[in-house]
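Enquirer: Each chain is listed here by its residues.
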Amino acid sequence: MTTIRHLRTLYFYDGPQVIEARDAIGGHYVGVLIEPDGAHDRFLVCGVAPDRLREFRIGHLDLLALLTEQDESRYFLATVTEALSEPLHLTAIDHEADIQGYLPDAGFVLHDPPIEDLTLREAHDRNTLVLNIAVDPPEANSEHRIRVSTLVGLLNNVQTLLRHAYGAALRDLPAAARRSIDRTDAHLMDVVVPAASGSFRIVLTASRASDLLGHNELARALERVDAMFDDIDQPEVVLERVRTHRGHFAGAFLRLLRFLVVHRSGMRYGWAQPGFSAPRSRSISQAQSLPIVELLSGVSNLGSESITLTGILEEADVTRRTWRMATDEGKVTGGVQESGPTLEGLRLGAAYEFSCIEEIEFFDGTGQETRKMILTEHRPR
Amino acid sequence: MMFRETLPEDCPPGAADEIAEQRDVYRLVASDPPTEADFRSQRALRPTAVFSVSECQARGLSVHTERADSLRAAKLPRLRGKRICRVRLLPGAGYLQQTGTPSHHTWWPSADFDILAQCEAAMS
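For the protein sequence lines, the chains are A and B, in the order given.
Quick note on my numbering: the first sequence kicks off at 1 and runs consecutively.
Quick note on my numbering: the second sequence kicks off at 1001 and runs consecutively.
Hints in this document: simulated from the structure, not taken from any laboratory.
Since the model is a prediction, treat every value here as computed from it, not as a measurement.
Please note that a few of the clues may not be correct.
Part of the chain B face toward chain A, derived, beta carbon under 7 angstroms [unchecked claim]: (1) Ala1073; (2) Pro1077; (3) Ile1084; (4) Thr1099.
Some chain B residues near chain A, calculated using beta-carbon distances under 8 angstroms [to be verified]: (5) Met1001; (6) Gln1042; (7) Arg1046; (8) Pro1047; (9) Arg1072; (10) Lys1075; (11) Thr1101; (12) Pro1102; (13) His1104; (14) Leu1116.
From the three backbone atoms N, C-alpha and C, an ideal C-beta is built for every residue, glycine too.
Pulled out of the complex, with its shape left as it was, chain B reads as follows:
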């Protein structure tokens, strides 16, 4: 599979699942309607930054499987004011791995997946 961003070797990790069935996830976005910039990884946004997570993790996107968890995240100062976008992941949308809390997942989108076409209008 070709990914939206260049990934290091062994990324996504073996524990990540290829998205084979349709499912919804929620991501915090800055703009309404969302733009491509809302789905760029931390590495893409800050190419020279030193991150405290693995390079693979830094090139993935945080999403929640429960909308309530995204609502809660938006209470934090750095994420305040962001809107919640529901993304319908279709088969072939990339790889997904539960990381951290039960609802938090890291998503490595495939190059072919048109994210914005599957992103429902931002809900505050």
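Just chain A, with the same shape it has in the complex:
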């Protein structure tokens, strides 16, 4: 018996109405909700060609045509006895006449008119958040080309900016909402089209799966990033906005602009989720980046972040001026500057509240960050 797994919901109305699924060897299937079997939902399922499925996803093909166009279409029924996330067992329908009542009417397309915009099309095709970045370094002037260091640096800087924007967005949420969202310090996006046509263009998608309706939590980060690129022609306005985001996010923004200046490139980006009717786009030229970089470079401690830690002090080395604390979120190590407070008199195993400044050192080549936690004040709990 063939078994398929739900991959994504293509159309939702009071529940999944049209779904996409795969079998164990990668075969593509489309399922359409039909009358239930008692208490259980049931789908008419049909194997489809991948390229035709893609045409359907972006609105170029009608569902009825997709389901009936193949000469030897094979139809199945799949009953959802558990959740849709569980494997679905297919039962073949022997007589094609039996499916007539199960087919959709002609004219059901997912998008009307069909989607032509690249970013939006990719978002619908992949049913997740898509980010499309275009840069124009000098080497791309005459041909479709980009230096490895430029590409690697760009991706690292963008990923870092997103990571800190995401962290900043999550910190502003109520604790209960924050707990329900998957927080990750790992990579947030994957490159899916490394060199699309046009200027040198890269397409990325969210690494983590979107929800059933295509919404991805990473949108919070991109909304923050969009705000940073508003009023890009007015460096003083940008400066004020960056000041309100003082911390790692602001530091990452400055590093990205500095990177664009060094590599003499402008940057355009657009992002979309399946629920968007148009992509959200921003751009910055090299000429726009320069005065902002100069202005932001004059602000001290722009990329430092104030952090309060509460936990049990596990280590305190008075000579080396280092310490380690066990907090609810894990162990944290740090140091104390010459001008900072002394560690003398602190009791190991006791609870303390440490006020710290966290600084990040970013390595251009690898995109790695080293965090340095500096204690500025301590008090017993």
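Using the hints provided, position chain B relative to the given structure of chain A.
Expert: Just chain B, lined up with the frame of chain A:
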């Protein structure tokens, strides 16, 4: 706000908007004129079913902001034969959130909102 159906904690989600201005939405209904049953959530209709969406989503109602999208939905086998009802949402009608396609929204009606009084005769 009291809701028409019992909702789980943190539902409607923070991204949903309280309906503060009058606006029209469209919902597929089985009967003409519509009845209360046309505005019961999937959870209310099938209390023991396992849904593939969040419990909050399962207790909301699908509506479209564009009539054409409801017309299109009615081409699907499970929704075939349904009629389109225009519901005039008044301030206090509940919470609304865009979910999925641009036109598709999930509506969590408030207990005080008289849906049938604001539901214009079904249009096929």
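Enquirer: Quick check on the hint: threonine 1101/B CB to chain A CB, less than 8 angstroms?
Expert: Given a least distance of 6 angstroms, the restraint on threonine 1101/B holds.
Enquirer: Grab the minimum C-beta distance from proline 1102/B to chain A and call the hint holds if it beats 8 angstroms, violated otherwise.
Expert: holds, 4 angstroms
Enquirer: Next item in the hint list is proline 1047/B. Is there a CB on chain A closer than 8 angstroms to its CB?
Expert: Given a least distance of 10 angstroms, the restraint on proline 1047/B is violated.
Enquirer: Would the stated hint for methionine 1001/B survive a check requiring a Cβ distance to chain A of less than 8 angstroms?
Expert: violated, 18 angstroms
Enquirer: For the hint on alanine 1073/B, does the least C-beta distance to chain A fall short of 7 angstroms?
Expert: holds, 5 angstroms
Enquirer: Close enough to count: is the Cβ of glutamine 1042/B nearer than 8 angstroms to one in chain A?
Expert: holds, 5 angstroms
Enquirer: Given lysine 1075/B was flagged as interface, is its beta-carbon under 8 angstroms from a beta-carbon of chain A?
Expert: Where the cut-off is 8 angstroms and the nearest Cβ of chain A is about 4 angstroms from lysine 1075/B, the hint holds.
Enquirer: Minimum Cβ distance from leucine 1116/B to chain A below 8 angstroms?
Expert: For leucine 1116/B, the interface hint is violated, since the closest Cβ of chain A sits about 18 angstroms away, which is over 8 angstroms.
Enquirer: Holds or violated: is there a CB of chain A closer than 7 angstroms to the CB of isoleucine 1084/B?
Expert: Check failed: Cβ of isoleucine 1084/B comes no nearer than 12 angstroms to chain A, outside 7 angstroms.
Enquirer: With chain A as the partner, please determine if arginine 1046/B meets the hint condition of a C-beta pair closer than 8 angstroms.
Expert: Holds, because the Cβ-Cβ distance from arginine 1046/B to chain A comes to roughly 7 angstroms (cut-off 8 angstroms).
Enquirer: Double-check proline 1077/B for me: the hint is only fine if its C-beta lies closer than 7 angstroms to a C-beta in chain A.
Expert: With Cβ-Cβ at 5 angstroms, under 7 angstroms, it holds.
Enquirer: So, as I understand it, the hint says threonine 1099/B touches chain A; can you test that by seeing if any CB pair is closer than 7 angstroms?
Expert: holds, 5 angstroms
Comparing the model with each earlier hint shows violations of hints 3, 5, 8, 14; every other hint is respected.
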